[in-house]
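J.: Position chain B against the provided structure of chain A, taking the given hints into account.
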Amino acid sequence: MADDGINSYMTGPDEQGRFGIFGGRFVSETLMPLILDLEARYEFAKTDPAFWAEMDDLWKHYVGRPSPLYFAPRLTAHLGGAKIYLKRDELNHTGAHKINNVLGQIILARRMGKTRIIAETGAGQHGVATATVCAKFGLKCVVYMGAHDVERQAPNVFRMRLLGAEVVPVTSGRGTLKDAMNDALRDWVTNVRDTFYCIGTVAGPHPYPAMVRDFQSIIGKEVRWQLAEQEGEGRLPDTVIAAIGGGSNAMGLFYPFLDDPSVRIIGVEAGGKGVDDRMQHCASLTGGRPGVLHGNRTYLLQDDDGQILEGFSISAGLDYPGIGPEHAWLHDTGRAEYVSITDAEALEAFQLCCALEGIIPALEPSHALAHVLKIAPTLPKDHIIVMNMCGRGDKDIFTVAKHLGFDMKI
Amino acid sequence: MTRIDDTFGRLKAEGKKAFVAYIMAGDPDLATSLQVMKGMPAAGVDIIELGLPFTDPMADGETIQLAGQRSLEGGQTLVRTLDMVREFRRSDAVTPIVLMGYYNPIYSRGVDRFLAEAKEAGIDGLIVVDLPPEEDSELCLPAQAAGINFIRLATPTTDDKRLPKVLQNTSGFVYYVSITGITGAAAAKPADVAPEVARIKAQTDLPVIVGFGISTPEAAQDIAAIADGCVVGSAIVKLVGEGRPVPEVLDRVAALAGGAHAA
Chain A
1 MADDGINSYM
11 TGPDEQGRFG
21 IFGGRFVSET
31 LMPLILDLEA
41 RYEFAKTDPA
51 FWAEMDDLWK
61 HYVGRPSPLY
71 FAPRLTAHLG
81 GAKIYLKRDE
91 LNHTGAHKIN
101 NVLGQIILAR
111 RMGKTRIIAE
121 TGAGQHGVAT
131 ATVCAKFGLK
141 CVVYMGAHDV
151 ERQAPNVFRM
161 RLLGAEVVPV
171 TSGRGTLKDA
181 MNDALRDWVT
191 NVRDTFYCIG
201 TVAGPHPYPA
211 MVRDFQSIIG
221 KEVRWQLAEQ
231 EGEGRLPDTV
241 IAAIGGGSNA
251 MGLFYPFLDD
261 PSVRIIGVEA
271 GGKGVDDRMQ
281 HCASLTGGRP
291 GVLHGNRTYL
301 LQDDDGQILE
311 GFSISAGLDY
321 PGIGPEHAWL
331 HDTGRAEYVS
341 ITDAEALEAF
351 QLCCALEGII
361 PALEPSHALA
371 HVLKIAPTLP
381 KDHIIVMNMC
391 GRGDKDIFTV
401 AKHLGFDMKI
Chain B
1 MTRIDDTFGR
11 LKAEGKKAFV
21 AYIMAGDPDL
31 ATSLQVMKGM
41 PAAGVDIIEL
51 GLPFTDPMAD
61 GETIQLAGQR
71 SLEGGQTLVR
81 TLDMVREFRR
91 SDAVTPIVLM
101 GYYNPIYSRG
111 VDRFLAEAKE
121 AGIDGLIVVD
131 LPPEEDSELC
141 LPAQAAGINF
151 IRLATPTTDD
161 KRLPKVLQNT
171 SGFVYYVSIT
181 GITGAAAAKP
191 ADVAPEVARI
201 KAQTDLPVIV
211 GFGISTPEAA
221 QDIAAIADGC
231 VVGSAIVKLV
241 GEGRPVPEVL
251 DRVAALAGGA
261 HAA
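In order, the protein sequences belong to chains A and B.
Read left to right, the first sequence gives residues 1 to 410 (UniProt numbering).
Read left to right, the second sequence gives residues 1 to 263 (UniProt numbering).
Any given hint might turn out to be false.
As the list claims (entries may be wrong) - Beta-carbon label-pair distances, calculated as ranges:
id, chain 1, residue 1, chain 2, residue 2, range
1, B, Q168, A, G232, 40 to 46 Å
2, B, V111, A, G274, 32 to 38 Å
3, A, E15, B, K119, 29 to 35 Å
4, B, N169, A, G274, 44 to 50 Å
5, A, R174, B, A42, 49 to 55 Å
6, B, N169, A, D14, 18 to 24 Å
7, B, A42, A, R110, 54 to 60 Å
8, A, M408, B, V79, 54 to 60 Å
Hints in this document: simulated from the structure, not taken from any laboratory.
Here the structure is a predicted model, which is why all the values come from computation and not from measurement.
Think of the CB as a built atom: it goes at the ideal place given N, C-alpha and C, for glycine as much as any other residue.
Next comes chain A alone, as it looks inside the complex:
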């Protein structure tokens, strides 16, 4: 496999929930027994054919999987280099990759006899996915959302309410995604006996990072056989690229390729107004250092005293000051590369994708696309890039209109 002494990049985490020094279970004692129970239940479910049969059935008939792997001909011609494929996870029910993971966690919650589901959400995509699946199964759903996000993501708030969820605007701290996660943890610690915390990304205490990755890995697994179908048996992508906030869509695309050394792996963080000492970004790997927050050790934006800083990005789905621990490990081992893209670059890629391919991307994958725009022209024509189009842009048109100076008032 790799020539740096690591036999496989796919065996993590270890029994302590660690990827190298990252990950772990940094939670209060009240939650510990529940987390151990969850781990045991998940370990059982993972090898239970009935669990995966239920997932496969819902993925196919409810979510609409497999999502297409689409060759983007005009984008490829425009850039004049590598061949660009888009993994169309924005076509999933609810409009993003988030539901892949939510289904898995909710099925597990039902098996554990939990009747109340809580979730945190930033842009609202994970909240909408959670509210959706809870409605489908008749479960009570409470979504914590930063007060500022409640304001700027009004359509998603209304969606969640239509779906029967209670949306709690979080005003504690600074009322952002990380504060929403704090309040979700406070709720969980208070209602630990009947409540399941459905985490939206590959972060949090073990087993969440591994569990969410496993559920999202359907993305990369599909890419493997879909590309072989279109490009010939055994053909792997040369480069896979995805945007990273917490990092769940990226982990889902990357994981099945970790032990294929010919596949170059690139994660794209949100560089906001630029990664420098003004901290107007949320690039945890390029601008942060290791610390402990929300149950795991990972790269965090923090000051000299270990106080957590706020992230900044045009995309509400990326402005979290941390990143999944497995990404931190892949970064330190060098198996994956991490770069950052500014708001302005993402906006440009957003518009180009609309114009050339007739696809309105979310602002999150627009960051990944912006990096594709940078590297594709420098690569040979037989080089294959697969980029995860992890969400659709309907939710972002108001933000984009504002930045482009278009008056949306009807």
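T.: Chain B only, in chain A's frame:
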């Protein structure tokens, strides 16, 4: 033997229960919180729990969260908190000080460096909410080796199977969290707490102190009566947050201590 062990020895000899009081370091500013801290022993506080402010206090309710924000806005840091302890120690070499907070500021400082500085400053024990026994190698074991007590939280969800693991590397005392929840929220119920304390005491010789959900002298008395003592935090921090003068805060502390000591 630490100051914590000595204090429990003294209380036992006097036939008294322990009163533990919490304040946030640097709330609303360093000078005021130091003044409150200095007045605590005379007000009847047996052990001082000094809060280390953190931006993301996941196990705390609004009262302590806001206190942390005030403190951080006033420029409080881990370094300044240790300075505050040094200043306190100039006039009090006896009262135990337990630093309570979250792991990241300590991890950020570097565990070995922090432990050396904390010991030298006069810290006797640590309560770090987000370090369960599963993460003992991080700070718990190095702290014990450095001669600082690591005080573990036991909770209503800690079942009999898990309790030995929770008690294993605990020293100083065991902090029983009376409710499933956050600080300053629901009220602790003596009838629920008593069997839990008995369950823990059956497995350890360490004192068991009960905290969370105790806000009046009466509640302090009721809870202290069924344990080796009690902790009051949010009820005191709330007065500081309301901008009450230090003597008024200390009067309330004395009333709460009176409750615990009457048990």
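J.: Each hint should be assessed against the structure and marked as holding or not.
T.: Cross-check of the supplied hints:
no.: 1; hint: Q168/B - G232/A: 40 to 46 Å; result: 58 Å, violated
no.: 2; hint: V111/B - G274/A: 32 to 38 Å; result: 34 Å, holds
no.: 3; hint: E15/A - K119/B: 29 to 35 Å; result: 32 Å, holds
no.: 4; hint: N169/B - G274/A: 44 to 50 Å; result: 46 Å, holds
no.: 5; hint: R174/A - A42/B: 49 to 55 Å; result: 38 Å, violated
no.: 6; hint: N169/B - D14/A: 18 to 24 Å; result: 21 Å, holds
no.: 7; hint: A42/B - R110/A: 54 to 60 Å; result: 57 Å, holds
no.: 8; hint: M408/A - V79/B: 54 to 60 Å; result: 49 Å, violated
Hint check: violations occur at hints 1, 5, 8; the rest are consistent with the structure.
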